[in-house]
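Two chains, two frames, a set of hints: combine them into the complex.
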Amino acid sequence: MPGQALPPTCTFLNVGQAFAGTQNVSSMQKDEAWKVNVRLQGCDMQRGYLCGSMEALNVPSAETPVVTFWEGEIVDNKNYTFYTGKWEATKDTDVKHWSKFSSFLELQDDVLKDGGKSFDLANYPYMFMRWKEKFFVNVGTDCGLTIAGFYYVCFSRSDGSVHGFYYDPNSSPYQKLELKATNEGRAGYSFATYQFQ
Amino acid sequence: MPASAAWARPEDLVESLSSLDNTARLKALRDVKNQIIGNKTKKLSYIKLGAVPRVVEILASDTEIPLLVQSAAAVGSFACGIDAGVKAVLDSGVLPHLLKMLQNGDNKVVEACARSLKMIFHSPLAPKSDMFEGHRMELILELLNNGSENVAEVAASVLARCCETLEHQQALADAGGLRSLVSLLAGSVKKQEAALDALAALTKHNQQLSAILIMMDQGAALSLIIRLIRDKSPRMRLLACMCLAHIGKACPAGYGQEDEVRINMLGILMKLLDEPGQVGEDAPGVLADLVTNNEELQKIAQKENAVEKLADILHRDTLPAKQLEGVLLALAELCSRLEESRRQLLDSQVEAPIVAAFGHPCEGVKVAACSCVKSLSRSVKNLRTALTGERLVIPLLQLLSDPSSAVQVQAIAAVGNIVLDFTLQKTVVMQSSGIDQLVHFAQSMDPILRRNAVLALKNLLYMADSVVKGRVVNELTVSTLCELIRDSEEDVQEQAISLVRNLAYGDPDCIDYVFAHGDLLLQAVEQQLSVSLRPEISMQALYVINNVAAGNERHKDAVMDLVAPHKALSNTSGFLLNRYLQDMINPQLRVVAVWCIINLTYPGGTGTSSRVTRLKNAGVESLLQKMADDPCLDVKDRVKTALEHFSTAVTLVATTSGQ
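Protein sequences appear in the order of chains A and B. Just so we're aligned: 18 in the UniProt record's numbering is position 18 of the first sequence, and the numbers increase by one with no gaps anywhere. Just so we're aligned: 175 in the UniProt record's numbering is position 175 of the second sequence, and the numbers increase by one with no gaps anywhere.
Treat each hint with caution, since some may be false.
Distance windows between CB atoms, simulated [stated by the list, open to error]:
{"#": "1", "chain 1": "B", "residue 1": "PRO631", "chain 2": "A", "residue 2": "LYS35", "range": "18 to 26 Å"}
{"#": "2", "chain 1": "B", "residue 1": "SER622", "chain 2": "A", "residue 2": "PHE135", "range": "49 to 57 Å"}
{"#": "3", "chain 1": "A", "residue 1": "LYS134", "chain 2": "B", "residue 2": "ALA171", "range": "50 to 58 Å"}
{"#": "4", "chain 1": "A", "residue 1": "ASP159", "chain 2": "B", "residue 2": "SER405", "range": "47 to 55 Å"}
{"#": "5", "chain 1": "A", "residue 1": "TYR124", "chain 2": "B", "residue 2": "PRO403", "range": "50 to 58 Å"}
{"#": "6", "chain 1": "B", "residue 1": "PRO631", "chain 2": "A", "residue 2": "PRO173", "range": "56 to 64 Å"}
{"#": "7", "chain 1": "B", "residue 1": "VAL531", "chain 2": "A", "residue 2": "LYS78", "range": "35 to 43 Å"}
{"#": "8", "chain 1": "B", "residue 1": "PRO447", "chain 2": "A", "residue 2": "GLU55", "range": "39 to 47 Å"}
{"#": "9", "chain 1": "A", "residue 1": "ASP120", "chain 2": "B", "residue 2": "ASP174", "range": "54 to 62 Å"}
These aren't lab readings, by the way, just hints derived from the structure by calculation. Beta carbons: idealized from backbone N, C-alpha and C, even for Gly.
For reference, chain B alone in the conformation it holds in the complex (with noise of 0.2 Å):
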């Protein structure tokens, strides 16, 4: 016999959802539904009773249409708000059912269905791959298409959640989705909002969407989109800027108007910051996207005061963690660029919230801080004074042992300029675990972690004094510097020569650390420069050899045995510069190599003639006569000062012998 509602203990009512009585079962599933909306507690405790399973397989089998509607909408409600009561559903096997129902005939059991399948795509746990299978992606679309408006508005919003790799986007592309999405734009309010969020989802990183979309009906749909980014309402205004920005990072300079429309999304966004609820919070997000690798744009938001704005938001007591990520976001382009944007940033006390953020539980908030902190540290000014203090280098360096590989990319470029801190002594640096963290990934298995971190590490050896050197070298070890010198990505190659070069910069206590492994290092720069195409590794290479070079007399030999090597002593050919002082493309390493040839010559060395002998036999000097009229100026003032010192040598010779 049913018992009565009031009375009911929770346990007789989950059991009488499963009654044969179709009556009982009726009205145990109204009461649990009630019981259950907007209250968390019943929720979890009803999950825990086993009431979801019941629930579903009334969705299952069942006919008649109040048990459909109300399981429906009992489903919907315990995947409301909470993961637990999603993960449960989804448990039971949900989803196929309410897909089948979205193509029943009674309209209230198709309504029920799409408000719950709305729930359930909320959620962080939606099965969004789950949704490619079969043919459930061409019944979204038909439902998409022929639907009802809550139905296709559900169907838009669903299809905004699972477009979020390429493979997805081009699968809803190629079943139609487009082309029934912009048809979506045409429709009402709710239409056009969902549709604007499905292609924003869309046109997220995906270059030949974003194309396809502009060129569609001839401008006609982007078109479209542009009006509504003045729409009345705040969040058909977000989301049509959203999908504008997104179209424009994926394809840029894509469409006409394209500039004058982002200064209107730009003013439009920034009056969205100060809206209440989602549209607040994604606002600062959709502003990053727009201004990214825009100086322009980033010139009028500084005018328009948009980094003190997005300071002040900074400065609110809790921010949800999209909106902290995307303020942050959206301040690191802003001062990506332009110093008066950093000024700005720096002037607004936002130290305490990017240190708080570093901190956060969020990924993307820790990202964002860092690249925040990144754009603020590419300023020698603000290194010297807002950057330095222990308060935020410390929080920054603990970052690199983040477990998120995101992190650690984010964190490490961070620290590679952030090391630049100007002093001989590094201080801040030397005395944390900052070296130890940097020298492991310049071990890492991922080149990107890896040129990052040899990076840092030569910006550390900047002007930096022995101690650090010496510090530097002993933890690297030279074997792990050859090995980087000739690493298999040219980009860590490049940054592990620089930092050679850094190393051997200075006086000859720092340029004996060059050969702390005897010949080595400076082996292994010589076989990269002889191997390599690109002219940054040459210019670097023959800079390490330029600093070597204006050492003590051992340094100076020991260079000259690399350049021109006794064997090679009667022709031209054996010496290693003549490549770069014949580089008519680059004048760059027509310098560096002169350079190279003054510091060897250069007077008052006990071995300076005879190096001089040696070089001109090589046929040097005669190659630097030739160049006498170098079309570039620095190149033709450092051969002047080389000859002068090929003349000095043979007149100092000339004197000496004649005593």
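Bound conformation, chain A alone (with noise of 0.2 Å):
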């Protein structure tokens, strides 16, 4: 847009949004479902990064809440695309899980074609990601969770909320991430901000 002074906006991926929700592991073996909230550290576009912490609540085998950090990479055709290329996620495992999110649909066969290259991504309703674990920041690597793989996610730019299948070739398929924004009890939503020098 010409004249326009200020990045593009946003709401729910600015600094210290708060999201909660769950994480559902549906097997043969077990149902379990645990808490999850995530909070968004830091988010530049323009290199299509984004970062933040993770926190796991009742999770059956560890003590406490486990808080992890992770990075993101936005899918815009620029930094990233929907090919992870890494992370032990071949083409066939990224067209499987992003055919997951109904959202993807109607950029399927653009991306089989050509990778969805041509696809107007910016001015697309929902955003598409990988969220990496990098480290735990509470507890030990014993803690009886994995941060070995990632997670395809799908992130509402209307209300914020996050849809995401995790994927690591040694745990169970297709573990469901489940969030909504929060305003933490707040009679309103309050932005913070913070900046480089």
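This is the structure:
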């Protein structure tokens, strides 16, 4: 847009934004759900980069809530594409997971054809991302949880809701992450800010 | 009668320097000169005995060649390597005599004077400004153009030391210096090196002269310099790179093959890092200049393991200050944008040498160390892991009290990032004197320091708990904060208002701090909003209003009084947020304005319906309805939510009144 002085806006991708919900594990052996809180701590749209913390509560194998630090890649066809190209995810894995999001169906043909490079992602109401946990913040690696895999994520610009599927060749497939943006019990939405020098 | 050299007391020798007998004078001169060569102690002791003025007197008034040659040589010797010697010869008024002798007919005299002049100009005490007095500059250029090999070389190296300010660079250029120096590039190795040295000095931070050099002889001069980056001599390669790095920095995208040349320079400089002596010491600084603001080049450097290589140098035991400064600056630039480079640097265990550099006696080193930390801390991940320790933060905070303002500025910049530890308690900073110092700098006369300090405080307040917020408000005081909001510099205003934004973020007990002095703070923000034309300032102010409106009933009502004063109920022009709801250039402003309304009409509050009514009467609902198809997705979604709030309230009122 001509003369625009300020960066493009996506309300729920503001630093400090909190998300709350659950992660479900459904398999033949067990049916678990634990509470998850996420807080966005960094967002650099130009580089397609996000990061934040993820807190898992009432995890059966852990004594305390487990907090991890994660980094995200935004599929913007500039910095990152739909094809992961690492973390043991093949193109097949990618398509299988993205296809589980209904908002991906519209793009599916384009993605299969040319990786979806021609699609105008900047104006699409959903953002696709990959979130990868990098390290445990408050516990050791023997806490019973793994961070070897990553999440395929579909993020709604309109209400900040997050849907994700965990992929790790050594874990149960399609563990679902479902979060909603939350204003943490306040009577309104508040936005913090910081700036790097 | 002349005393025998082997037995002469120093005092006697000094005495003999003023002997009326030529032979005696010459002998004494030779003896003194031979004794002081390479001997610092002897130099100092003869200086104390008053030898220097007598030696200079010989140069000034004598005419016999041997006397002139020996006195010039003695002057050079006194000035070689010790500042006290340089001071002594300068205080004795040697400069005009040396310069005069450079035009002497005898070669040996000229050469001896040239060497001495070179010694003097090696020293930081060199009388650079004096060289611009009278016709001295023309004289030096004459020597540059017509002098012998050694003389031309000395002339160029004198010029190289004299061009530190814009005025000096300009004066030299005006006297034809650029052209003369470029001509030297066709000469011998020594001439070329001296010329490059001087050209590098002339083009440093000088866009005009850099541009002239680029264009000179249709680019032939530049091409020559580019060729020299591959010369056999390491010093030549370094000086040619230095010259091109300065030109590239002062005049970005100045010439055609620049990108390719820069890549070549990168490889050459990385090898020069290993050279012994002056070349190896200067190479890192040139590398820093080369990669400044050049992300592509930084990426290539990272792939070539530049970071690791420089980090290895950092681990050496004793590094000359210039080299240490250069290495830290290069690392700061290499890590300024690339997370991968930062990770490599942290993996190289550099915390100890960086913290040690904070305590270095040299100002440039301290500034470079702060710059390095600033680059490393542009990363959430690093701030949450490697950079949190007291070992780093406490010494950095201490640099805020450094006597040098250059150090203070860079230290505050680094602190500005470091306070983002992504915890609630900000323990390390809270337990130090950091907040006091930042508050102090927020009232500095220097607008850059003010801005950086307020930014640091803003960052400190990011997601901070009520204890941290209370402390900052108490120490800064609401009245100072109001002054900062009304600061003469827009940059400071912006930071102050976003500090209030962070203050108001969170639960009502935090928002209460905004009202620590009644309405003063909110009024100051609103006033600045109404006069400022800068969108960034408008945005921050709207966020303040928004964040306060996310509070309790008292907070929401205070915002209502601000944005929809009772007296202007009847028309939309009195409604503060209108301007921003209708700002067609900045969707960001429209979004925040709508969020304000969402918060003001948030369901469930005791005053919600009366606020809704007031806003409706001010025409807000109809304005929002017109925005239902806003071109910006975010605005559109928020407008939908806001309109829902309006209709929900109506339904509630209808339901309750129907009972």
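Evaluate the given range 56 to 64 Å for the C-beta pair formed by B:PRO631 and A:PRO173. With a Cβ separation near 40 Å, B:PRO631 and A:PRO173 fall outside 56 to 64 Å, so the hint is violated.
Range hint 35 to 43 Å: satisfied by the CB atoms of B:VAL531 and A:LYS78? holds, 38 Å
CB-CB spacing for A:LYS35 and B:PRO631 relative to the 18 to 26 Å hint: Roughly 38 Å apart at Cβ, these two residues miss the hinted range, so it is violated.
Between B:PRO447 and A:GLU55, does the beta-carbon spacing fit 39 to 47 Å? holds, 41 Å
Just to be sure I understand the hint, the distance between the Cβ atoms of B:SER622 and A:PHE135 should be within 49 to 57 Å; is that true here? Given about 52 Å between the Cβ atoms, the range holds.
Starting from the range 54 to 62 Å, see whether the pair A:ASP120 and B:ASP174 falls in it by beta-carbon distance. holds, 56 Å
Given a hinted range of 50 to 58 Å, is it respected by the beta-carbon distance of A:LYS134 and B:ALA171? 56 Å Cβ-Cβ, so the 50 to 58 Å window holds.
Go ahead and decide if the range 47 to 55 Å is satisfied by the Cβ distance of A:ASP159 to B:SER405. holds, 49 Å
Distance restraint hint 50 to 58 Å, applied to the beta-carbon atoms of A:TYR124 and B:PRO403: Hint holds: Cβ distance 56 Å, inside 50 to 58 Å.
When held up to the earlier numbered hints, the structure conflicts with 1 and 6 and fits the remainder.
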